[in-house]
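Got two chains here, each in a separate frame; can you build the complex from them with the hints?
Each chain, letter by letter, is given below.
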Amino acid sequence: MVIQTQQSGAVTVVKPSGPVAQADAQDLRNELLKAQKEHLGRIVLDVSDVPFLDSGGLEALVEVAEEMSRSGQWLKLCAVNQTVRQILELTGLACQFEHFEDANSAVRSFL
Amino acid sequence: MATASPAADKVKPALHMFERGESLVAFVGLSVAGVFLATMAGWLWWAFHTQCKLSKTTNAEQVRVIGHSLSRSVEALLSADEISTLRRVVAEAGVRPNLRSCRVLLPDGQVVADSEPSRITVTNLPQTWSGHSPAYTEAIDKESVLMRWPLEATGRGSACLEVSAASDAFQTGLSAQTGLGVIAIASLCALLGVYRFARYRLRGIGAVRQALLATAAGERSIEALTIAPQFGIEAEAWNRLLREREQLRRSEVLGEARQTMKSWHGANGALGAACDGLPQGLILVDRDRNVQYANGAASVFLQATSDQLVGADLGQFISDERILAPVGQAAAGPSYKRTIVELDQENSGHPGVLRFVIRPVRREDDGVAMVIIEDITQQRVAEEARNAFLARATHELRTPLTNIRLYVETALVEGEKSKQVRAKCLNVINEESRRLERMVSDILSVSEIEAGSFKVNRDDVHLETMLEQLRADYEPQAAQKHVKLTFNLPPKLPVIQGDRDKISLALHNLIGNALKYTLDDGQVTVNVNINDGLLAIDVADTGIGISEEDIPRLFEKFYRARDKRLAEIPGSGMGLAIAREVIRLHGGNIEVQSEVDKGSNFTLTLPVGAEAA
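Protein chains in written order, with the working numbering: chain S, 1013 to 1123; chain Y, 5 to 617.
In isolation and in its complexed conformation, chain Y is listed as follows (with noise of 0.2 Å):
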């Protein structure tokens, strides 16, 4: 997949200005503002212009008012021959404002009075004058306005009065536009700063509208919609409302397609129910590796309910790459190899051994990985024992057979010169094959019991020989060790219904017990009791003891205590699940109650009229 530039990134944003119309909205401005301008010149123009005229009109009709009427009073005054007066009046008249100067001419050029003294020419008027005064004339420009009047002196001559006026047309004009254009230019100013805080405050707005604009033509991608965070609290709450309707939008297609699962379910019932009552696990897993199908038993392996498997990604039930790299190949590739993990979950919190096994599933439409699951738990477990068994058993076997070898050899070299030795070699091995018999015999037993063919032969059973024999038995081998083995029965004892071999087998492993556990003079003690029509033995010894522990599993089949001191001492941890066996099956049972390095006491209780169960 391609991936953006840097610049791509940086042009981006303002592409997606540019596509909610953001340029438009400057340009209009823009040209709103411009044309403001435009009407404004032209109208300061006009304005400017209009004002200069009427200024130039004013001041010539001014000029034309003042000119005339003095002109009377110059006239008046020159036949007066009043020429003081005459210069005081144009003098006051040139004061006026705006006129540049007021004077009397005689047709010669010479002045007869001024505005500006210093200019008057002739101090004196003659009597009389010649010449002929210009006719009214006037001369208006831009700068100046000139006016003169001809003036008739009765008796004496013409002359001609002249003023003059500057044009301020153009400077009152100005001045008084100039209020107007700096009104107009900070209304501008105004109104572009209106405008732009506007624009900044509205721009996101705009970017909605655009992008309303945009959905209403079809566009469906959420990242065509969304707006660039610059745009403000706008474009934040749309992009906001734009993910809340993605997620409703994958809310209600998840749900349709579970919906579809549950249809699709709901055809098949039948399938789904079978499927259901499966024991092992079914997992079907698409090509993203999201679980399309998950059974019952799935559930429960998984820890999970069937809504939760069903669409999620099977790697937030299972975190094992083993399993996860397998299913991804399973879906995806055109392999066909079947891959099996067993996955021991000892720290899960729900101990056991699981094992998958991952396969594909080829359909035309799609790849999917069936994963079963199985649950081995108890078949490790009973490898492991078995395992264990196998080797004690090599290792009990070994040891009669070693003895057995050794003495017979003995007896062949040595037997022939001593009759001591032989019949010592001989007593041995009785010894030790009656101790292989039984082992072998234990072993035999306990297949039956896994076989569940373990039966007893019922037949008269008469516990004082039994019992009579078992001492006989262990009497030796108790004095060998130097441990008082003490036999409490009572005065008369019952013949039972039962299987002899297997009920003295019984006795035979729990007095064997007592004395191979109980330490050089030490003490075992078989006391036989009957109390409403049940029989019980109890066998009591000061050996090691059991801890509390070891206690529930002692009848485990091939289970031994985990005190260190038994590695010293043979045994195949099978004659007490043996005996509990055989004793139930006699519709009894053995109990047990010890103390670590006090000792045990076994309680064996039988009905007298002992009925298998």
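Chain S extracted, bound-state conformation (with noise of 0.2 Å):
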């Protein structure tokens, strides 16, 4: 897995490619609450490059949706396919994440 960041405005757009599982989740976990401490929750994940997660991503994402829920934060998701999408429903872990159609739109959501 391939863990791109990148600036839109003031946010931070992180954007992993591949499978999120087993010792990736944990990369993406450090990655995901490092841009958190250091631009101050503006962060946003786009998952249009990720086509699954395992228990381990499933457990990185609601790791760092709680810790950002304890300051008032939402964790942004965007571009989530169908497959992840219903990984996260069956799991009943949707409703602990911001979901936006596309990096744009979650970005917009800062103002």
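One or more hints might be untrue.
Unchecked claim - Below 30 Å or equal to it, Euclidean Cα-Cα: the simulated DSS-like pairs (lysine-lysine) are:
id, chain 1, residue 1, chain 2, residue 2
1, S, Lys1027, Y, Lys459
2, S, Lys1049, Y, Lys266
3, S, Lys1046, Y, Lys266
4, Y, Lys568, Y, Lys520
What the hints assert, rightly or not - Covered by chain Y, per the in silico footprint, the following chain S stretches (three or more residues, Cβ under 8 Å):
id, stretch
5, 1019-1025
6, 1051-1057
7, 1079-1087
I should point out that these hints are in silico values taken from the structure, not numbers from a laboratory. Keep in mind it's a predicted model, so treat the numbers as computed, not measured. Glycine residues also receive a C-beta, built at the ideal position from the N, C-alpha and C atoms.
This is the structure:
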């Protein structure tokens, strides 16, 4: 898995490419927490290039979402594909995130 | 608050010493020494007196014994008329210690024999003499002992033996007691030395004892219980214990306060959870500027945990006086003023713009200031971009409008005289109007994208017709710049589903940019390919290129690369953003590869069965 980080205005868009599973989940978690701390929570997770998540990936996302929720922030997911959406809905975790169709919409939500 | 004077500072340690009982120790010590001295003096006097008396008695007894034994010998020698023997016996008796004189007297006072021969007044004794010798007498005073014995020389007459001795009782007593006195004084000095040393060493313990007594009596003030450092290591140890106890007490108080706060949070769990759910940071600060409450967002904005914040001075986390001063005023004063401060944290390691709203919260028991922190970084960025766009859009709109106005005026004035001039003017006006139309369309598209209402209307899109139209549109412009514009199209292009106008707009932007940023005598090539149901349109140029730093932001709205050469080339920074948005809405994408001074290659990909995402 490759993780790209891109600035869109004052917002950091974190874009992993590839399945979020096993050790990659921990890398994504660390990258998200680092970006959240450095940019005071102005982050968006673009999962357009993530074909699926395993339990470790789910755990990493939930952990970051809970960390952010403690400070009144939401982890914003954008471009969630059908597979990932189903995983989130089946596990009942979809409500832990804010969902956007694309990164631009997610970035605009900070306005 | 009153401050102590220097004199008071000097007196204070002395008072401390008094309070610790140091003078009492000294008083008791000196009293013991005085009693000891008086006892010693009395004992010495008594011993001296007794010694004198004993010495006097001893001297008298010695004289009495000597005289008594000597009188018998002298009496016999007088009777036998052994005058020379008599004088030798008397002289030998006179040399005894303590005897001052020893002599034999006749009743008329003539000296027959004397321990001092020069005092003899009778050389030869007569056979008989008259007169009576005095009776036995003793005269004892302070300085001497004098005794007289009557002598009876058989057949000759009476005489008298006089023995006197110096009374050395005083000297004897004095010499005897001097040693004792010296020993006593030396002992006293040693005692005083030991006392002073012990007092010096024990004064710290005495002070600690007094402090303990004060503690037992209820004293809790650390200042009152502190012992002056000059009392030694015991005082330092005691003071250190006091300080540690004070720190422990403060920690306990702080712990209790935190526990109380946690209990309060527990009791108000729903309220606390609600506050923690706020995206804005919320801090309550008391009149001492200590944080009473901070929600989760405040912890993130101030980069500290809630436990670190609560109870701590707000100044530890915010150093800007523009915030601290109104916080102090809001918590302490009767002000109802609301203060807003926007803080740019560009150099803090956590770049962003935070807005602090400070306002008082009036309570009956205490004053509290409320600080609301909001992250407005994205708003600030958007505002700056919007302002920049407005400036650029105004400039861009003004250029075609000015051209239109000038050519209309020219056509009105000179158009009637020359058909060629009129045609040229109308042509320019037409081009500028279309440019203006595209620009307004771009602005509208950006507005729709911003509002989320940017939609595509699906219809048949004849790619071949569209690309031929683009070629026809841009060939004159390419020819004018001497740029070679080449369209490499496959023999047959499919008809796709999509928004013809918007796809055309995206291609217009790509080809228009390629021509705009390619210098004279350059080349622009449009290659169209279809592979695996994916339409790929490459627009390659030999223009000025784009730096690596600018490429990631190239598709941001209103963003223009930082190349200085762009200052002379008009552009709003909207074209590529709109183009990619359009293509993404059709399920495709636009990617770019570029090298500065070499050229750029924009690749537009579209699914041939174009389904909007």
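Do the hints match the structure? See the list:
{"no.": "1", "hint": "S:Lys1027 with Y:Lys459", "result": "holds (25 Å)"}
{"no.": "2", "hint": "S:Lys1049 with Y:Lys266", "result": "holds (26 Å)"}
{"no.": "3", "hint": "S:Lys1046 with Y:Lys266", "result": "holds (29 Å)"}
{"no.": "4", "hint": "Y:Lys568 with Y:Lys520", "result": "holds (15 Å)"}
{"no.": "5", "hint": "1019-1025", "result": "holds (count 5)"}
{"no.": "6", "hint": "1051-1057", "result": "holds (count 4)"}
{"no.": "7", "hint": "1079-1087", "result": "holds (count 5)"}
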